[in-house]
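With the hints as your guide, set chain B onto chain A.
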Amino acid sequence: MYRYDEFDQDFVHARVAEFSDQVQRRLAGEITEDQFRPLRLMNGVYLQLHAYMLRIAVPYGTLNSKQLRMLGHIARKYDKGYGHFTTRQNIQFNWPALSDIPAILADLASVEMHAIQTSGNCIRNVTADHFAGAAADEVADPRPYAEILRQWSSVHPEFSFLPRKFKIAVTGAERDRAAIQTHDIGLHLKKNAAGELGFAVYVGGGQGRTPMVAKKIRDFLPEADLLSYCTAILRVYNLYGRRDNKYKARIKILVHETGVEEITRQIEAEWQELKDAELKLPEADIQAINAYFAPPALTDRPEGDALVKQARLDSKSFSEWLDQNVVTHRHPDYAAVTISLKGIGEVPGDATDSQMEAVADIAEKYAFDELRVSHEQNLILPHVARTDLKAVYDALVEIGLATANSNLISDIISCPGLDYCALATARSIPVAQEISRRFASLERQREIGELKLKISGCINACGHHHVGHIGILGVEKKGTELYQVTLGGSADENTSVGEIIGRGFSSEEITDAIEQIVDTYLGLRLSPDERFIDAYRRVGPAPFKEALYAGETKAA
Amino acid sequence: MKVLTANRLSDGIAVWYADGGWAETVGHAEIAHDKGAEDQLEAIGAAAYANNEVVDVNLIDVEVFDGLVEPVRLREKIRAAGPTIRTDLGKQATPEAIGA
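Top line first, the protein sequences correspond to chains A and B. Numbering of the first sequence is given in my numbering, commencing with residue 1 and proceeding in unit increments. Numbering of the second sequence is given in my numbering, commencing with residue 1 and proceeding in unit increments.
So here's chain B without its partners, still in its complex pose:
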């Protein structure tokens, strides 16, 4: 399972592709379950990059817990939450947003 992630051009904030747009949290990111879906996401990412919406576009491995998407690698978990040493910063600072 993979989702599409990037950083928003204007402010660099980490975003994930969901519901036809870029969400600031990973929880409801659109999941690619097969190669075809991955290719589709990659094409969306390439278009968004070319359209100067986002930079550093990547497909990342994820799992689903309680209906919410969670990245597999620690690096991506930290991107999705915020610095582990400053839980008052990043997405984790507003936990309701993550579940939203």
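This is chain A alone, in the form it adopts within the complex:
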């Protein structure tokens, strides 16, 4: 993985010193809250309901064991023994004292981590496919390009005060696991007919109160032009993006209001001025960054096949976990493992200090010291020899992280909601927990098949409800929590925004409503191979509306 060079390390240390000084001056009353707020936000410090919250960047979701161990240490020493992995592949701590934040940032800097640009109207953490570098279907590892974007966008003077925040995601496979079409810029790394690497470029995706699917403005951008083209996009946005209304300030609104054809013309015109200048990426630089992401030396371990076969016979639960949480690796003797942070009835995305440390140990012992955070709020071991899968599984069972539910209905994305968040209008975690408990039976979940359920506790949509096959949005209505259901969203290469199915449900009703939707799907699918999203796209909302509301219409 990428290692800080001298410049990076000096920069992060300097930032820790600078912000530590700002914190001290704030605590001493030398600067006001109005002066301090933008400074703390630039360093990932929010104020939530119960306490401050610190959001730490995990660049493109990549971590090593030492870093995860440090996150566990921070959870234990400065927080309340746990952290929350987010849909932006970051981690949040919910209870740090402001007076402890300088020490936390110093600890993070010691393992090449920081919280810079995890808030504010700047380019945020660049996210990537969590199977990057391991996926069998990948054209090339997208992370070197994410790293190039990180270096370019970190404290970029021109793009530090944008109209609004700006999110970039990169994938290196046809199958989009990074939800690139829901980002301000989505980059799909691919090869052209001549075998050269480049990107399909999508612009103007986003969720929040105005969900939009990104528009493809270029089918193939040569890799050398990555920074000049992104600069052209950001320049057009910075110049014309609205600053009069924060709800209309994202680039998705600019793309929508300007029209795809016209904004593409503007971006291309800007790019013509930039493309042959200093932003052109030299091949040697691309190679140098690529070298940091060189895959581990994966020796052939063909004995894994027989071992896995026998272990499957010995243990049904191991066999189920293999089916659900283990995916094909580009090396036939290896696999990529999803460590579910969605235990039945647990808080989606939360991990305890000791779990973080234990997972770090597992990664060190069995996974070449590599880990990923997925935007679906799970952890990933990208390279595990099939021979070692049973040992990894046994170690995960010991720490309660062997739930075999990846991509099933209990693998729920959920924002923190009103239990923590100052912006939330309703709770989301308890809804996730109750649905998870209702569908606890793995047999039932597997019968239902792939189903992406996503919950947000307010219209800002941090829980990605718009792109859930089933989405739930919690709102406050007349002083109580009300949950609106959307159906038909997806965040893959066929991204779509879900449609509101009808009136919302109370917290007492919502789980029954979800069950009714699932039962309706089971009753109408053509075969077990027809996933929920495919069935919904075939039949539309009518049967689901009928199942949920028919009684009411008749009564009325």
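By construction, these hints were calculated from the structure, which means they are not laboratory data. Keep in mind that the hints are not guaranteed to be accurate.
Claimed, not checked - Below are the DSSO-like pairs computed for lysine-lysine, each with C-alpha atoms no more than 27 Å apart in a straight line:
(1) A:Lys-280 - A:Lys-191
(2) A:Lys-215 - A:Lys-190
(3) A:Lys-77 - B:Lys-91
(4) B:Lys-77 - B:Lys-35
(5) A:Lys-216 - A:Lys-190
(6) A:Lys-275 - A:Lys-167
(7) B:Lys-91 - A:Lys-80
(8) A:Lys-365 - A:Lys-390
(9) A:Lys-280 - A:Lys-215
(10) A:Lys-216 - A:Lys-191
(11) A:Lys-477 - A:Lys-248
(12) B:Lys-77 - A:Lys-478
(13) A:Lys-478 - B:Lys-35
(14) A:Lys-80 - B:Lys-77
(15) A:Lys-190 - A:Lys-280
(16) A:Lys-477 - B:Lys-77
(17) A:Lys-80 - A:Lys-66
(18) A:Lys-309 - A:Lys-390
Structure of chain B alone, referenced to chain A:
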């Protein structure tokens, strides 16, 4: 009925104005029964904010049950108790403190 709430600057912990200071629990917060009292509380909050004791200062609606103040809105109930999904955390973790 309203009380004054904020988060303490140094650690961000939710606090309520009571007995001339900032209490970590809402139960005995000073209640404003009329506009004049609300204005007084607001002035106290503004001064504490200016004095860098607290941030995010707000007046919130409350009711009184068994002599203890309880916020009306769910958001404020959660602030006063802690996350509903982690009853081992926040003020609710030490129930004796809430009644204290």
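Going through the hints against the structure:
| no. | hint | in the structure |
| --- | --- | --- |
| 1 | A:Lys-280 - A:Lys-191 | holds, 19 Å |
| 2 | A:Lys-215 - A:Lys-190 | holds, 17 Å |
| 3 | A:Lys-77 - B:Lys-91 | holds, 20 Å |
| 4 | B:Lys-77 - B:Lys-35 | holds, 23 Å |
| 5 | A:Lys-216 - A:Lys-190 | holds, 14 Å |
| 6 | A:Lys-275 - A:Lys-167 | holds, 22 Å |
| 7 | B:Lys-91 - A:Lys-80 | holds, 13 Å |
| 8 | A:Lys-365 - A:Lys-390 | holds, 13 Å |
| 9 | A:Lys-280 - A:Lys-215 | holds, 24 Å |
| 10 | A:Lys-216 - A:Lys-191 | holds, 16 Å |
| 11 | A:Lys-477 - A:Lys-248 | holds, 24 Å |
| 12 | B:Lys-77 - A:Lys-478 | holds, 16 Å |
| 13 | A:Lys-478 - B:Lys-35 | holds, 24 Å |
| 14 | A:Lys-80 - B:Lys-77 | holds, 21 Å |
| 15 | A:Lys-190 - A:Lys-280 | holds, 19 Å |
| 16 | A:Lys-477 - B:Lys-77 | holds, 16 Å |
| 17 | A:Lys-80 - A:Lys-66 | holds, 20 Å |
| 18 | A:Lys-309 - A:Lys-390 | holds, 11 Å |
Checked against the numbered hints above, the structure violates none of them.
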